[in-house]
Amino acid sequence: MNVWEWIAEQKIRSAIESGQWDNLPGKGKPLQWEENPFEPAEWRMAFSLLRRNGFSLPWLEERKEIESEVQQFRTQFAQLYRQGNPIARMDWVKNQIDRLNRRIFRYNLGAPSDHFHVPPLKFERELERAQSVQDQNP
Numbered sequence: 002m003n004v005w006e007w008i009a010e011q012k013i014r015s016a017i018e019s020g021q022w023d024n025l026p027g028k029g030k031p032l033q034w035e036e037n038p039f040e041p042a043e044w045r046m047a048f049s050l051l052r053r054n055g056f057s058l059p060w061l062e063e064r065k066e067i068e069s070e071v072q073q074f075r076t077q078f079a080q081l082y083r084q085g086n087p088i089a090r091m092d093w094v095k096n097q098i099d100r101l102n103r104r105i106f107r108y109n110l111g112a113p114s115d116h117f118h119v120p121p122l123k124f125e126r127e128l129e130r131a132q133s134v135q136d137q138n139p
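Count along the sequence shown from 1, add 1, and you get the number used in the numbering used here.
Just so you know, the hints here were simulated from the structure itself, not pulled from any lab data. Just so we're clear, the structure is a prediction, and the values are computed from it rather than from any experiment. Do not take every clue at face value.
Stated by the list, open to error - Restraint-style ranges between C-beta atoms, simulated for each label pair:
1) Gln-77 to Phe-117: 25 to 31 angstroms
2) Leu-25 to Phe-117: 29 to 35 angstroms
3) Lys-95 to Ser-133: 18 to 24 angstroms
4) Leu-128 to Glu-68: 19 to 25 angstroms
5) Gln-80 to Trp-5: 48 to 54 angstroms
6) Glu-62 to Gly-29: 38 to 44 angstroms
7) Gly-85 to Leu-25: 50 to 56 angstroms
8) Asp-115 to Ser-19: 37 to 43 angstroms
9) Glu-6 to Glu-66: 37 to 43 angstroms
10) Ser-114 to Glu-6: 36 to 42 angstroms
11) Glu-68 to Asn-96: 18 to 24 angstroms
12) Asp-115 to Val-4: 29 to 35 angstroms
As the list claims (entries may be wrong) - In the DSSO-like style, the derived pairs of lysine-lysine whose C-alpha atoms are separated by at most 30 angstroms in a straight line are:
13) Lys-12 to Lys-28
14) Lys-12 to Lys-65
15) Lys-12 to Lys-30
16) Lys-123 to Lys-95
17) Lys-65 to Lys-30
18) Lys-65 to Lys-95
Using N, Cα and C, we set each Cβ at its ideal position, and we do this for glycine too.
Please put together the full structure from these sequences, using the hints given.
What follows is the structure, encoded as structure tokens:
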């Protein structure tokens with residue numbers, strides 16, 4: 002930690018301890034951003050209309066769907082692992098990982114930046130995850 006970070010940290014701690022941040026407006030509520038600093042100015046009105054009417058950008062909707070499918074897969078895999086004999090279902094697991102990875106690959110091609118990419122699933126990592134779920138919930 003450099004000197005400036007240390008000074009900032011001390012000032013923040015001091016303000017917290019003295020209660021200076023206890024009565025801030027909107028405390029405990031999510032931040033309300035009126036404008037996205039990353040959206041192009043010429044698209045700002047269109048994006049605002051979409052947000053106000055409950056819509057989002059297609060690639061964001063695709064990401065949400067992928068994250069939901071990955072979570073469903075992980076839940077099903079953990080259940081299979083708990084039932085015993087996970088080796089018998091490995092073809093299903095590998096097929097699901099391949100299917101999800103193809104979808105992730107297509108999504109990553111259309112995402113506007115690497116920052117928004119979804120990492121592909123790896124069989125070994127998913128097996129470890131299912132084992133850790135089993136260990137946590139015997």
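Hint check results:
{"no.": "1", "hint": "Gln-77 to Phe-117: 25 to 31 angstroms", "result": "26 angstroms, holds"}
{"no.": "2", "hint": "Leu-25 to Phe-117: 29 to 35 angstroms", "result": "31 angstroms, holds"}
{"no.": "3", "hint": "Lys-95 to Ser-133: 18 to 24 angstroms", "result": "20 angstroms, holds"}
{"no.": "4", "hint": "Leu-128 to Glu-68: 19 to 25 angstroms", "result": "20 angstroms, holds"}
{"no.": "5", "hint": "Gln-80 to Trp-5: 48 to 54 angstroms", "result": "50 angstroms, holds"}
{"no.": "6", "hint": "Glu-62 to Gly-29: 38 to 44 angstroms", "result": "29 angstroms, violated"}
{"no.": "7", "hint": "Gly-85 to Leu-25: 50 to 56 angstroms", "result": "53 angstroms, holds"}
{"no.": "8", "hint": "Asp-115 to Ser-19: 37 to 43 angstroms", "result": "42 angstroms, holds"}
{"no.": "9", "hint": "Glu-6 to Glu-66: 37 to 43 angstroms", "result": "39 angstroms, holds"}
{"no.": "10", "hint": "Ser-114 to Glu-6: 36 to 42 angstroms", "result": "27 angstroms, violated"}
{"no.": "11", "hint": "Glu-68 to Asn-96: 18 to 24 angstroms", "result": "20 angstroms, holds"}
{"no.": "12", "hint": "Asp-115 to Val-4: 29 to 35 angstroms", "result": "33 angstroms, holds"}
{"no.": "13", "hint": "Lys-12 to Lys-28", "result": "19 angstroms, holds"}
{"no.": "14", "hint": "Lys-12 to Lys-65", "result": "38 angstroms, violated"}
{"no.": "15", "hint": "Lys-12 to Lys-30", "result": "23 angstroms, holds"}
{"no.": "16", "hint": "Lys-123 to Lys-95", "result": "9 angstroms, holds"}
{"no.": "17", "hint": "Lys-65 to Lys-30", "result": "23 angstroms, holds"}
{"no.": "18", "hint": "Lys-65 to Lys-95", "result": "22 angstroms, holds"}
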